[in-house]
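Asks: Those sequence lines, one after another, are chains A and B.
Okay, so the first sequence: first residue is 1 according to this note's numbering, each after it adds one.
Okay, so the second sequence: first residue is 1 according to this note's numbering, each after it adds one.
A hint or two may mislead.
Chain copies aren't distinguished; within one or between two, either way the pair holds.
[Stated by the list, open to error] Calculated pairs, SDA-like style, for lysine to any residue (alpha carbon to alpha carbon, straight line, at most 25 Å): (1) Lys87 - Ala34; (2) Lys76 - Gly121; (3) Lys38 - Asn85; (4) Lys9 - Asn102; (5) Lys9 - Ile108; (6) Lys112 - His20; (7) Lys76 - Tyr158; (8) Lys112 - Asn102; (9) Lys9 - Arg67; (10) Lys76 - Asp95; (11) Lys38 - Ser151; (12) Lys38 - Arg25; (13) Lys9 - Leu71; (14) Lys9 - Ala53; (15) Lys9 - Arg30; (16) Lys9 - Glu72; (17) Lys76 - Trp94; (18) Lys87 - Gly46; (19) Lys112 - Gln16; (20) Lys76 - Trp160; (21) Lys9 - Ser73; (22) Lys38 - Leu18; (23) Lys87 - Gly121; (24) Lys9 - Gln68; (25) Lys9 - Ala97; (26) Lys112 - Thr13; (27) Lys76 - Phe159; (28) Lys9 - Tyr123.
Calculated directly from the structure, the hints in this document are not laboratory data.
2 protein chains.
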Amino acid sequence: MTQTQQETKPVITPTQLLEHWQGHRALTRRVIEAFPEKELFNYSIGGMRTCAALIQELLAIAVPGLRQIALESTEKLDEDSKDINSKGNLLQLWDEATPELNRLWALIPEEKFQQPTVTFGQYEGTVWSSILYFIDNEIHHRGQAYVYLRSLGIEPPYFWER
Amino acid sequence: MTQTQQETKPVITPTQLLEHWQGHRALTRRVIEAFPEKELFNYSIGGMRTCAALIQELLAIAVPGLRQIALESTEKLDEDSKDINSKGNLLQLWDEATPELNRLWALIPEEKFQQPTVTFGQYEGTVWSSILYFIDNEIHHRGQAYVYLRSLGIEPPYFWER
Chain A
1 MTQTQQETKP
11 VITPTQLLEH
21 WQGHRALTRR
31 VIEAFPEKEL
41 FNYSIGGMRT
51 CAALIQELLA
61 IAVPGLRQIA
71 LESTEKLDED
81 SKDINSKGNL
91 LQLWDEATPE
101 LNRLWALIPE
111 EKFQQPTVTF
121 GQYEGTVWSS
131 ILYFIDNEIH
141 HRGQAYVYLR
151 SLGIEPPYFW
161 ER
Chain B
1 MTQTQQETKP
11 VITPTQLLEH
21 WQGHRALTRR
31 VIEAFPEKEL
41 FNYSIGGMRT
51 CAALIQELLA
61 IAVPGLRQIA
71 LESTEKLDED
81 SKDINSKGNL
91 LQLWDEATPE
101 LNRLWALIPE
111 EKFQQPTVTF
121 GQYEGTVWSS
131 ILYFIDNEIH
141 HRGQAYVYLR
151 SLGIEPPYFW
161 ER
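Given the sequences, and given the hints that come with them, work out the whole structure.
Replies: As structure tokens, then:
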């Protein structure tokens, strides 16, 4: 097949990137579920934040982060705004974010991914690099939650299950 | 500006994805450097692998994984093949992989990213999803190494430094 400019396939499409993120979010949800409720809010290692606090950071980033990309709104990184005190609470907020991310994603035109953006008033990048940063940050903190679970004698979900 | 089909911008280009990976690899290198040599090979939490063993997995995936994508070679996941017993050793292998990944990357035509592939004889996906898996797996294990460092009283490098 002759490849012309127009036939060049993208590395990844917007829909694939969204599915990739939501797949990671499904795994993170299983990690929240795997935690005993008490340790979710009380347990940590080496002076780090609890798993619940890490999850609050992820919640503070995902929808507000994507909202400012999709709607050009100005957002603050507000990790402590919500009075989250139970696993059910945390899972409910997680589940509410899921369709909201899908809704916002549909508002981002394909050509926007390469455009510059500043998230939370200070983080400069492009739309694609900002979204990958949101995802990478989730993977990073979830990896830390895996160590918490292991040190509690609990087997975490398989990393490749999405 | 009127957007026509041909003008549609990609979400991410192959060069950007490579730079993204190498940026993560530069951060992982700083994590290896931050470890005291003894703890790099001896320390772990909750029965998990040592940081050195996690890094050996990453080395076993990166170049062989990309080689099979670029050259259609058949590769085994061989995490214990190398007699790695010092931090210098590990860093040297890490640094040897860096230009080799760049070299192999240049051999992957853009239209290949959407094609199906099977890595290490068993992991089915597309080229893009396989490469993102390699990167995500590195972020995941590096996040675990951050907890090891914190529990040793050592401040890890900033996550956003690439």
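Asks: Which of the numbered hints above does this structure break?
Replies: The structure breaks hints 14, 15, 22, 23 and 25; every other hint is satisfied.
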